[in-house]
Amino acid sequence: MIVTKHLLEQFVSLSGVESEQIISELSKIGLEVESFTPIRVPDLVVVGYVVEKSPHPDADKLSICKVDVGGKTLQIVCGASNVQSDQYVAVALEGARLDTPKGELLIKPTTLRGVESCGMLCSSTELGFPKINEGIMLLDSSIGHLEVGTPLNSYPLFDNFILEVGLTPNRGDCLSVLGVARDLSVALNLTLSLKNYKDENVPLGIGRVLQVVNEGKFDSSMLYKVIKIASIQTPLELKLSLALCGLQSHSPIQDFLSYAMHNIGVILRGYAFSHFEKSNLANNVEGQILLRQNEQGLDCVCGKDCSWIVSISPTPIEPSHEMLVLEASYIAPQIVAEALYQYPQIQKDTTLTYKTTRGSNPDLLLGMQYLCNLFISYTRSEVYSGNHKLTQKEESQSIKTTFDCIAKILGTEICKEEIAIILKKLGFKIEASFDESFFMATPPPYRHDIHTYQDIAEEVLRIYRIDRLVAKPLEIVEQSRKDNDKYFAFKAQRALIQRAVAKGFYESIHYVFDDRARLQKLGIEGIDESLDVLNPITNELNTLRVSLLPAMIESIQRNENFGIKKIAFAEIGVCYTKERKEVKKLAFATNLCKSDEKFPFPKGEEWDFYSFASSIMDIIGSFEVRELESIPFGTSSSLLHPYQRALVIKEGRELGFIAKLNPTIAKGFVCELDLQSLISPVKISHSSGSKFQASLRDLTLMIDKEIAFSDIKEALLGENIEFLDNLYPLDLYTQEDFGSEVALSIRFVWQSMEKTLQEDEIAQGMQKVLEVLQEKFGARLR
Numbered sequence: 001m002i003v004t005k006h007l008l009e010q011f012v013s014l015s016g017v018e019s020e021q022i023i024s025e026l027s028k029i030g031l032e033v034e035s036f037t038p039i040r041v042p043d044l045v046v047v048g049y050v051v052e053k054s055p056h057p058d059a060d061k062l063s064i065c066k067v068d069v070g071g072k073t074l075q076i077v078c079g080a081s082n083v084q085s086d087q088y089v090a091v092a093l094e095g096a097r098l099d100t101p102k103g104e105l106l107i108k109p110t111t112l113r114g115v116e117s118c119g120m121l122c123s124s125t126e127l128g129f130p131k132i133n134e135g136i137m138l139l140d141s142s143i144g145h146l147e148v149g150t151p152l153n154s155y156p157l158f159d160n161f162i163l164e165v166g167l168t169p170n171r172g173d174c175l176s177v178l179g180v181a182r183d184l185s186v187a188l189n190l191t192l193s194l195k196n197y198k199d200e201n202v203p204l205g206i207g208r209v210l211q212v213v214n215e216g217k218f219d220s221s222m223l224y225k226v227i228k229i230a231s232i233q234t235p236l237e238l239k240l241s242l243a244l245c246g247l248q249s250h251s252p253i254q255d256f257l258s259y260a261m262h263n264i265g266v267i268l269r270g271y272a273f274s275h276f277e278k279s280n281l282a283n284n285v286e287g288q289i290l291l292r293q294n295e296q297g298l299d300c301v302c303g304k305d306c307s308w309i310v311s312i313s314p315t316p317i318e319p320s321h322e323m324l325v326l327e328a329s330y331i332a333p334q335i336v337a338e339a340l341y342q343y344p345q346i347q348k349d350t351t352l353t354y355k356t357t358r359g360s361n362p363d364l365l366l367g368m369q370y371l372c373n374l375f376i377s378y379t380r381s382e383v384y385s386g387n388h389k390l391t392q393k394e395e396s397q398s399i400k401t402t403f404d405c406i407a408k409i410l411g412t413e414i415c416k417e418e419i420a421i422i423l424k425k426l427g428f429k430i431e432a433s434f435d436e437s438f439f440m441a442t443p444p445p446y447r448h449d450i451h452t453y454q455d456i457a458e459e460v461l462r463i464y465r466i467d468r469l470v471a472k473p474l475e476i477v478e479q480s481r482k483d484n485d486k487y488f489a490f491k492a493q494r495a496l497i498q499r500a501v502a503k504g505f506y507e508s509i510h511y512v513f514d515d516r517a518r519l520q521k522l523g524i525e526g527i528d529e530s531l532d533v534l535n536p537i538t539n540e541l542n543t544l545r546v547s548l549l550p551a552m553i554e555s556i557q558r559n560e561n562f563g564i565k566k567i568a569f570a571e572i573g574v575c576y577t578k579e580r581k582e583v584k585k586l587a588f589a590t591n592l593c594k595s596d597e598k599f600p601f602p603k604g605e606e607w608d609f610y611s612f613a614s615s616i617m618d619i620i621g622s623f624e625v626r627e628l629e630s631i632p633f634g635t636s637s638s639l640l641h642p643y644q645r646a647l648v649i650k651e652g653r654e655l656g657f658i659a660k661l662n663p664t665i666a667k668g669f670v671c672e673l674d675l676q677s678l679i680s681p682v683k684i685s686h687s688s689g690s691k692f693q694a695s696l697r698d699l700t701l702m703i704d705k706e707i708a709f710s711d712i713k714e715a716l717l718g719e720n721i722e723f724l725d726n727l728y729p730l731d732l733y734t735q736e737d738f739g740s741e742v743a744l745s746i747r748f749v750w751q752s753m754e755k756t757l758q759e760d761e762i763a764q765g766m767q768k769v770l771e772v773l774q775e776k777f778g779a780r781l782r
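Okay, so the sequence shown: first residue is 1 according to this note's numbering, each after it adds one.
These aren't lab readings, by the way, just hints derived from the structure by calculation.
Among the hints, erroneous ones may be present.
Unchecked claim - Using 20 Å as the maximum straight-line C-alpha spacing, the simulated SDA-like pairs for lysine to any residue come out as follows:
| id | residue 1 | residue 2 |
| --- | --- | --- |
| 1 | Lys-584 | Ile-721 |
| 2 | Lys-389 | Cys-302 |
| 3 | Lys-491 | Gln-676 |
| 4 | Lys-578 | Ser-530 |
| 5 | Lys-503 | Arg-518 |
| 6 | Lys-584 | Leu-496 |
| 7 | Lys-217 | His-388 |
| 8 | Lys-304 | His-321 |
| 9 | Lys-584 | Ser-508 |
| 10 | Lys-72 | Ser-85 |
All chains should be modelled from the sequences, with the hints used to inform the complete structure.
Structure below.
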């Protein structure tokens, strides 16, 4: 952002303030000055008035000018094509030293083609300023009252300096002279002054010539004025200020718009009134503006045969336009940023989008008044009274915090009154509770970057100054871990990984991003596309993962390609649901090889479902498996084996699944569990153990092979058979002549809390077991 002293003094008086102090204060409050350039017209350059111009007798391109410089008239030979009589010009008198583009030039009397010349009529570049036109620089009243003989460097515009301020992307409020002046006034404890700008000069109201119609949803705030221009030229003050700030001069109308935008920060545009002319409108109104959203959901200004996207589309203004519609607009920065990302092909005005994506000034009335005042002051024009406006209420969110919290963040004692004064100077609204235990701070509407109490603390620190903070040694106090849930959760996670490593698994870590095409190939439903990553790192990492397994399986296959035979991975990581809610999971994945070829397994050993489940049980503790009714990752998923997969249940909670991989995808076994459910503490009910010996009895039954053992166990324990403590399967045998039945061997554990059981008591219990099995499952002894 480039500003000049002359422009800053529109809003804050800098008389008596040294330039070094201004640079220092801006840098201290976070507006780092990247360059400082003093720019001053040399001494002995004065305001002159061309009384007479005549051609040179011996040179076609030279003119002889009689120039009044106050008290005397000088004869000066000039070669500029734009010099005319009755003009105010910059005159370098005898003895003046000019720093021109060709080097230093000392002015002294000379003779040009036989004609004496005493002085020099200067261009802007010969005075050390940017080029603004061909020929000499013509002075006008925009720089101040012109009086011949007055030193030119007595005018503020010509005794100036240029500051280039480096801004962070969040400080869109300082992309204007007003924004920089606002912060500078707080830093220097000066008064920020805004004039009463005149924004109309004819009684005829805007409603006589223009109406504005809004159709449906509209996100932008808009304000319109109408102006009829009879004559317009860019005054010197505007032209030179734009050049000093690095802004290119275009047509006079565009120069006025650029100058006002640069100073106030409001987005301003102009349209030829002819774009909106319509016949047959009510009350003989000449034109109509239609505000609505296009098919892409972007705010548009629509005329009779064209439309423009608010704060994005360029609007070329031709010098011939006599009647203009002036527009001031504001739209939330995130809306523009999302539109530019979603529709990069949109034709855009880079100057507008640069300002709007960082946050423009929402004070539309101030911006329009400033612009209209320029037109009224420097052109022959008529500005219609009144305006049309469409306002979207965007109330700044109040932030709740305490004075002690701010002081704690700053690391120093700072009184409540000083905090409140600083925030009020910065435009915040402060409402404290009656006991001052907390306060609500509402940021000013132009501060789009203030959202948290940390942001408020940063604002206080900017003005309080970091160099006032007392340096203190870093104090590290270890907090008690007694009630630290996060610490215990972390320890539980690491304990799981350590047990997995002890069982021969390697810990793996993969990106939280995944390839949507790979997920679709596996039939895995990813997160909703409307919630997906907007700016992926690469095309292969274009979505957030919903499971740890795809990346782990890919790593297994990659290691197999390297010639590694035994591969087993364990991983803890963050995954996301379809609604993009974060969940933490624990996953295991292996290939078929359980052990390498070595004694006593010369051909190696392969995993089977039972051995894999046993290893998982050694890591997470004992669990039950039940039929997996719903397919993980969606009904179209082909990742898991259709017949070897099960639901993992531990202490009554469903944790996840364990399965063999579909052999068409890969060969191996996988298990994925919800980590939070696994490590969450459960209410443990303690019971006394029996001091009497347990008795074991085995039973082999012929039973339907479709019956799950979990159903058998649940049925028997539900009967509350006396002294039956537990049961578990021992063996499963089948042969062709068994048909739909299998031979299932079950071991029963019998134990009493009060005595050693007698044989007849155990026999009665076994008989009861057999009766239940026969009645509920049609089982029979083999």
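Discussion item. Please list, smallest to largest, the hint numbers that this structure does not respect.
Written reply: Violated: hints 1 and 5.
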